[in-house]
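Asker: These protein sequence lines are chains A and B, in that order.
Heads up, the first sequence is in the numbering used here, so the first residue is 1 and it goes up one at a time.
Heads up, the second sequence is in the numbering used here, so the first residue is 1 and it goes up one at a time.
Worth double-checking, as some hints may not be accurate.
Covered by chain B, per the in silico footprint, the following chain A stretches (three or more residues, Cβ under 8 Å) [claimed, not checked]:
hint	region
1	328-335
2	389-403
3	407-416
No lab work stands behind these hints, which were simulated from the structure alone.
The C-beta atom is built at its ideal place from N, Cα and C for all residues, glycine as well.
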Amino acid sequence: MKIKLLAVSIVMSVGLLFSFARGQTGQAPNTCVDCHTMLGAPYDSIVTAQQSDIHGTNDINCVDCHGGDPTSMDPDQAMSAQAGFIGKPDHEEITQLCAKCHSDASYMGDFDPSLPVDQLAKYKTSVHGQRLAQGDAKVAECASCHGAHGIQSVKDPRAAVYPLNVAYTCNKCHGDPEYMAGYNIPTDQFQEYQQSVHGIAVLENKDLGAPTCNDCHGNHGATPPGVTSISQVCGTCHALNQQLFQGSVHESVFDMMDMPECETCHGNHEVKPVSDAMLGTGVRSVCMNCHAEGDEGYETAARMSAAIDSLSTAYDSAQVMIQTASAKDMPVEDLQFNLRKVRQDLIQTRTMIHSFELSRVRDEKKTGYQAAADIIRQAKSLVREYYYRRTGFGIFTLIITLLAVLLYLKIRQIERKQQRE
Amino acid sequence: MSPKHDATLKERTTRWMQERYPLDKVTGFAEKKQVPLYHGTIWYYFGGVTLFLFLIQVVTGILLLFYYRTGADQAYESVRFLMTEVQFGWLIRSIHSWSANLMVFAAFVHMFSVYFTRAYRKPREFTWVTGMLLLLLALAFGFSGYLLPWNQLAFFATKVGTDIVGVVPVAGDFMLNLLRGGPNVTGATLSRFFGFHIALFPGIFTIILAVHLLFVQVQGMSHPLGAEEQAPDKTMPFFPNFVLRDLLLWLIVLNVLALLAVFFPWELGQKADPFTSAPAGIRPEWYFMFMFQTLKFLPAHILALEGEVVGVAGFGIAGLLWILVPFLDRKSEKGRKSRKLTYIGLVIVIYIIVMTIIGYVLS
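Start from the sequences and build out the full structure, keeping to the hints where you can.
Answerer: Right, here's the structure in full:
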């Protein structure tokens, strides 16, 4: 007991000293910081974290969330209920506590007018928010993702909610089978996402433009997209594909059969890089998951696949011909520029697949195919020109050499004549 | 039939000309002119080769002008059009570029042969001086022409090259602005270089070349040192013997030129982009390499002066002494060869070769 009293006395004395010093510099006293700093680990870590976070750097202090009287040197007074001290807020209270400021548009406008103030409203619509309202203490609230002390702006690469870190943050709960037990949802999303075209772009290539969890599921209003709204989600980025799909015969059929739109062919978390083999009637064709030989879809798939293959082959041939001409030091810059256009046509033709209309795919293919044929023709002409130049040189050098020999003979003739004279 | 009708066409033409112009004086002069025949006769041909390559430059240059458009937004495109769309455009440009390089090379050989045979001695001091001016102009032709296609390498090489002019004390800034048409290499620089390359330099060059050739014709070929007192043992008539041999060599040079142009066509590269960083392998044309490499080797400061300033001043003084060599060499006038000057010449040749090789190896 004596030791405890001694410790408190020492802390208070040092606290006084700090207050005195601060009084001299004109700063407001903050006995929360003074005491927590003096108490050392683990009590001081929240002080250092808070002081460098987005709140601390904007002069939002302990009292603004926890209440209490930071001017009092008496711990009992400073952390009394009369002074409004709430201590560590309960799990259920946190969203309301944060919303006190973050839902106040005029208050938030002083710091960042562009910051949304509807986080709580959205949160309430989310699975997390709904479960929290039902008393589920395990679901995520603000601090679960943003942290409590040490919160950084979403633009700060250190923040847990920075786009490149979001997947890891979500996976902390969603990838833990023990924690997620009882929710009846898979826990391997991260593993699937990690190997997907999107996951590789974000996690390996650090591509901020590629989607992470919240880009499809939402953040504060996080929810799994419904079967019929998947194309809306994918269409956020893949707008043309979405537009084509929504105008296609497949949209109503998929909806009727309760098949998720884009996901049926491309998957969800494990979206793999697309390939031409996904189309047509081969073993890797996704068309064959529903269609079979003899039906109209089978025929269309085969013909669309043939159109893509022929354009792709034409593109490859044009590329090879350009390389052949280039290896002969012929100027191929213009052809290389045109080849980029063919590549664009190829991409557009592949995109047109989502209309599932053979005529539209063929029309799109035609432009690229014609351009590729032109490139091949011009590259061949350059190769011919290469040999033509060499032949021309051969003839030229033959004539010049002949002239030189004749001239040499003439000189000899003249000099012999001169010698005789 | 009157005798008039018996005459051949050649005779009639000659008579027609003779009645109007003193042709016999010219032919008489050419027939009397003799070229000394000795182990060094071969060197007499290099002046003619340089002249031949200059004529090729004039012809191909005019053809290039039909398509070339100056200006930062058109120059590169016009050269590319010339090379890809115009019939034989690639050949004309390739010949122009190769011929320029061969011309500078032939001019260097010509200059050193004159130096080592002391052909510059009295009475040919001004033939040497005009020759040196022609060489300097040829280098200026090369430097200005290099920029005209407005490609990356040329742009940055010109930037580096003109930067060197800027280090000249007192007048450096003025000269830099004069050359570039502003503080930086821009479209204004291109327009200036184009003007220099196709109007100013050809004009001056033609006048000096005429004087140079006039001196050569009036004074004849220089005889080997010490042979002037007595008539040289062997000679050959300038016309037709030497002229026909000259012609034979020109045909051989034309063949070599065609071979280089067809098998090693001059590349165009990427269009100049002032906002990108300098590409790797920036280097001047080979005939500037020894000077460029020397400047690179010089320390940042020599005594109280900047290394580059010392280098530029050094080359300036050396060039001036080189031009004045006929007036400094007293021995050759008396028919004796100065060993010291031979050694100096050898050291210069070796220095140029070694520094050029180092320049290419290091870059």
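Asker: Mind taking a look at whether chain B covers the region 328-335 of chain A? Criterion is 3 or more residues with CB to CB distance under 8 Å.
Answerer: Holds: 4 residues of the region 328-335 of chain A have a Cβ under 8 Å from chain B.
Asker: For the region 389-403 of chain A, count the residues whose Cβ lies under 8 Å from any Cβ of chain B; is that count three or more?
Answerer: holds (count 9)
Asker: Per the coverage rule (Cβ-Cβ under 8 Å, at least three residues), is the region 407-416 of chain A covered by chain B?
Answerer: holds (count 6)
Checked against the numbered hints given earlier, the structure satisfies every one of them.
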